[in-house]
Amino acid sequence: MYKSFLIKYAEIGVKGKNRYLFEDRLCDQIRYALKRCEGEFEVTKSQGRIYVNAVTDFDFEEVVEHLKTVFGITGICPVVHVEDEGFESLCEDVITYMDNVYPCKNITFKVEARRARKNYPKNSMEINCDIGEVLLNAFPEMKVDVHKPDVMLHIEIREKIYLYSSVIAGPGGLPIGTNGKGMLLLSGGIDSPVAGYMISKRGVKIDAVYFNAPPYTSERAKQKVVDLARIISKYSGPIDLHIINFTDIQLYIYEKCPHDELTIIMRRYMMRIAETIAKKNACLGLITGESIGQVASQTMQSLMATNDVCTMPVYRPLIGFDKQEIIEVSEKIDTYETSILPYEDCCTIFVAKHPVTKPNLNVIRIHEKNLEEKIDMLVAEALETDEVLRIVYE
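According to this note's numbering, the residues represented by the sequence shown are 23 to 416, in order.
Hints were generated in silico from the structure; no laboratory data involved.
Some hints here could point you the wrong way.
[Unchecked claim] The calculated EDC-like cross-link candidates involving lysine to aspartate or glutamate, where the alpha carbons are at most 20 Å apart (straight line), are:
hint: 1; residue 1: Lys203; residue 2: Asp50
hint: 2; residue 1: Lys354; residue 2: Glu416
hint: 3; residue 1: Lys90; residue 2: Asp356
hint: 4; residue 1: Lys25; residue 2: Glu181
hint: 5; residue 1: Lys132; residue 2: Asp167
hint: 6; residue 1: Lys127; residue 2: Asp172
hint: 7; residue 1: Lys30; residue 2: Asp46
hint: 8; residue 1: Lys256; residue 2: Glu350
hint: 9; residue 1: Lys223; residue 2: Glu403
hint: 10; residue 1: Lys302; residue 2: Asp172
hint: 11; residue 1: Lys144; residue 2: Asp172
hint: 12; residue 1: Lys182; residue 2: Glu87
Taking the hints into account, I'd like the entire structure generated from these sequences.
Encoded structure:
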């Protein structure tokens, strides 16, 4: 029955003179998502509306599921478009539509007409009243409810006339790429994939960096991160995943620095390396999955200590989330089951039994001087191990 979808957006509508840039980017993202579907589609803009029109046969559920991954979409409306052959013809089309879509007629309804084409002989209010009367005559068991109807029948009078009564929720946010690019520090845990999803929802294109620690971490741990990046890329678009061998740096820190400060100092070197990669790849900031107070390395004092080594902004989309809220998002985006697979990453292998929770920044800097003999060389060597994988959801 349905051959077209009306795509609704929210924030884009208030972008003023730049609105067309966001609309164009949203159209590009819709086309990209639909490439994963069977069939051919046309994506068009018209009078503040975006339409997806099927050129060939398609799987309705498959198309809807892929449109739900496109940030910027707030509503997906399956529409029927009818020819403008006069008001009587429209009445017949509306009766056919309601009869087909709602076999049970014991429902309440409201008609919501929008006349964008001003030369149409009836205005919106007249269409509402007249179509409502037609439906009541055709289906006596139906009732009108203008406050909380079971069915809101939308009639849009444009170049064509569109009918729809279902609005499927989209993910919201802004189209990918409208707010620059960032570098995500991606681990195999629950938090960082959710952070990647959340920042992508604000229109940020992401790449990612993963710190590997062979032989202390296995190939399965690395594959787990690749799998997480692939799931995120369903929403974010293609991700360049940088895999860095961090083992020698970790062992050197373990040898030269107090063990209760291991996590903080290792984290500082991760941030340094991630920032170097980010700058080479035109990123505007680092992105982490940290949440205040969740673990010892995420207290206010610890976050200040890791921020100290960065010259570019560090964005933390989950900063005010508790663990259960993060888990709920991870379940929604299908990363949770992969995140809890029991393959340890480099952060958990070298964790101290009693890590410092309120590190003194000056003390941390003093202890880092113990590393001066070899650390610059080790960082340079780590950067040379950079393995870049292009992750694309299929």
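Inset, instruction - State the violated hints by number, sorted upward, taking the hints as numbered earlier in the document. - result: 9, 10, 11, 12
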